[in-house]
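Q: Each chain, written out:
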Amino acid sequence: MIDFSSLEGETLWERWQYFAQTTPEKEAIIHWRAVEEPVRWTYSSLFETANKFSVYLKDIGVKKGDVCALIIRHNPYFYPLYLGIAGIGALPSVLAYPNPRLHPDKFRQGLVGMALRSGLDWILTEIELEEVILPFVEDDATTVNELYFPLEWDLEREIDSESIQELSDIRAEIKPEEPMLLQHSSGTTGLQKPVVLTHEAILKHVKNLGKVLNLSDNDKVVSWLPLYHDLGLIGAFHIPLASGIPSIQIDPFEWILAPILLFMATSEEKATLCWIPNFAFNLLADKLSTEEMEGISLESMRLLINAGEPVRAESHKKFHERFEKFGFKKSALTAMYGMAETTLGVSQTTFGEQAKEISVDREMLASGTVVFSDDKTKARVCVSSGEIIDECSLKIVDEFRNEIPGDAVGEIVVKSVSMFSGYRNYPEKTDEVLDKDGWYYTGDIGFVVDEDLYVIGRKKDIIIVAGNNIYPEDVEDVVNKVEKIIPGRIIAFGEDDPELGTEQVSVIAETKLETEDEFDKLRVAILRAGMEVNVNIHSVYLVPPRWLIKSSSGKPSRKANRQRIINKTDEKVWSKND
Amino acid sequence: MISDRLKKIICNELYLDPSSIEINDETQAPEVPGWDSLNHANIIVAIEKDYGVRFKGLEILKCNNVGALQNLVDSKVSD
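These protein sequences, in sequence, are chains A and B. The numbers in the numbering used here rise by one with no breaks, and the one at position 358 of the first sequence is 358. The numbers in the numbering used here rise by one with no breaks, and the one at position 40 of the second sequence is 40.
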């Protein structure tokens, strides 16, 4: 096991430098490509190239504390660029590359909203996006200084001694308690909450999570997760890099089209560790044919960690049954619970054990009490997200924020040494979730049994689709503008899709239309509205005027109307999903 | 040229009316309502089932539009 106390470096840059000096030839990042050979960065080559980027960034005027937004597709030079930003004390912030389905105006609006809170100072992107982003950068109200295309920079250029000295002076001033990166906690366009993390918070997390994962020098992380997501950025990128072990990075766009890539990389590189959201367990088990699996071995995988969305027992079962014959070990099925606000992890299955499952009475659970039950007709199997990691505390509270016994169901509240200090430029949101004693109110509902945390739902109406958080308000806003819908008479909600092992976005809208043909056209218009904000609306339910039940606030109730749809008792509902 | 058969499979899977949706050689998945990454796998399975063919993940990866997907189907059918 890695002895984290022996690793040098109090800032991330110092830690990377330590590995570049002590294990220069060890692989740091294996940039995986579907049809070409991977690009392999060693600690020394990565570090040297990062230095070159640091010089460029310094020369264009990037200063310590500046936020540099990175909007770049899967590219081998992304990693040294990211390091190079940190290497001058600026804050890298990875943003999603716009999906072709996202309307350019909506993408720009998202940037404007983000810049408002996050205070983006520089945008580092690809030439292809110049036309889309330039109007935003040239706007007088923007915080952004300039737009640059670092992939075009000449990296053959030698660094002169004066620059080396300047970099060294800048780096000497970077302190562990200072901000290192900015990541966005969740949400769709413009509603993301900016989380700033310090070097100290991240390095403590590397140690605490590294310990519970029992990381050793022989480990190798494999990941297809996007790096704008905390699971990808912290779990699959920062943790291995700051622990001196390699990570294999697969393009998320390629992976979703060809899921076999994850197992090809695992098998060829003998990867040992991987984080994936629950839906990916189903997708891999359901979609990979035996023909595709030919020659693949999953024997090296010692931990496959389910995180990012609620963990489902049936997904684990299905995955194990499908891949056991390819060497996949049941003990690798583990789970983690965490969030961007705590750097990443809060709890993790204890090393050497499989994620625990308990069977509890479903109705009692809904009323807030955990009662074990073997009655299959009444029971719900809950999967544990493991024990609380070191230097992290957790309590369960009631709706008045009073602590309740752990085995009662309530909101999960956490405090840790790797915690954020509040959302950047968003005091009202910070006050909602962070109390004066430093406890963070997660909005997730769960309970604790025998020191194991079980997460069973959410306080808010957030929809989690394949690990991505979507706010129903975002969907409702765009759908509300669709013609032939009664304005304001619409709700969006998450609908369980057991087959995919995740939730899907559903919409109920009131309309005066009456014919099948009109309904068909309205459905497509609603789907297109969702596409504008890069949300795929899976089910559209059209209902007559005054169908939606109002809540006490006078707005249509998401909860009550969702239940009406799920019960399937109303004949006045039109949909295509029967 | 996209065959009516391929278009029908895609539209069926997405609950779309083929007569009201334009799908041609150049069409890319994100332009079609409902065709997102999660549905993509279902569409591919539906095509495989209907034509009685099997695609490899990496073959699909090379298809950047519906025209390329049609070519891939045609090459499998003629094998």
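What the hints contain is simulated information worked out from the structure, not anything from laboratory work. Take these hints with a grain of salt, some might be off.
As the list claims (entries may be wrong) - Keeping only pairs whose Cα atoms sit at most 25 Å apart, straight-line, the calculated DMTMM-like set for lysine to aspartate or glutamate is: (1) K318/A - D74/B; (2) K49/B - D390/A; (3) K49/B - E499/A; (4) K64/A - D105/A; (5) K26/A - D59/A; (6) K62/B - D390/A.
To be verified - Looking from chain B toward chain A, a few residues come up when the C-beta cut is under 8 Å (computed): (7) K8; (8) N12; (9) P18; (10) E26; (11) T27; (12) S37; (13) L38; (14) I43; (15) A46; (16) Y51; (17) G52; (18) R54; (19) G57; (20) I60; (21) A68.
Glycine included, C-beta positions come from ideal geometry on N, C-alpha and C.
Q: Indicate, hint by hint, whether the structure satisfies it.
A: Going through the hints against the structure:
Distance hint between K318/A and D74/B is unfulfilled; the C-alpha atoms sit about 33 Å from each other, more than 25 Å. Under the criterion of a C-alpha separation no larger than 25 Å, the hint pairing K49/B with D390/A is inconsistent with the structure, at around 50 Å. For the proposed pair K49/B and E499/A, the alpha carbon gap of about 18 Å is at most 25 Å, so the pair holds. The suggested pairing of K64/A with D105/A is violated, with an alpha-carbon distance near 31 Å, which exceeds 25 Å.
With a CA separation close to 30 Å, the supplied pair K26/A and D59/A exceeds the 25 Å bound. Only pairs whose Cα atoms come within 25 Å are accepted, and K62/B paired with D390/A is rejected, the gap being roughly 45 Å. Checking K8/B against chain A: minimum C-beta separation of about 15 Å lies over 8 Å; hint violated. Given the 8 Å rule on beta carbons, the hint for N12/B is violated: about 11 Å separates it from the nearest Cβ of chain A.
For P18/B, the shortest C-beta to C-beta distance to chain A is roughly 11 Å, which exceeds 8 Å, and the interface hint is violated. About 12 Å separates the beta-carbon of E26/B from the nearest beta-carbon of chain A, more than 8 Å, and the hint is not met. A cut of 8 Å between beta carbons decides the hint on T27/B: the least distance to chain A is about 11 Å, and the hint is violated. Nearest Cβ of chain A to the Cβ of S37/B: about 4 Å, under the 8 Å cut. The hint holds.
Contact between L38/B and chain A, as hinted, is supported at the beta carbon level, the nearest pair being about 6 Å apart and thus within 8 Å. For I43/B, the shortest C-beta to C-beta distance to chain A is roughly 11 Å, which exceeds 8 Å, and the interface hint is violated. The interface hint given for A46/B is violated, since its Cβ lies 12 Å from the closest Cβ of chain A, which is over the 8 Å cut-off. Using the Cβ-Cβ criterion of 8 Å, the hint placing Y51/B at the interface with chain A is not satisfied: the shortest such distance is roughly 15 Å.
About 14 Å separates the beta-carbon of G52/B from the nearest beta-carbon of chain A, more than 8 Å, and the hint is not met. With its C-beta approaching chain A no nearer than about 6 Å, R54/B sits inside the 8 Å limit, and its interface hint holds. With a least beta-carbon distance of about 3 Å to chain A, the hint placing G57/B at the interface is held under the 8 Å criterion. Taking 8 Å as the C-beta contact cut-off toward chain A, the hint placing I60/B at the interface holds, the least distance being around 6 Å.
Hint on A68/B is violated. Least Cβ distance to chain A is approximately 12 Å, over the 8 Å limit.
Checked against the numbered hints above, the structure breaks hints 1, 2, 4, 5, 6, 7, 8, 9, 10, 11, 14, 15, 16, 17, 21 and satisfies the rest.
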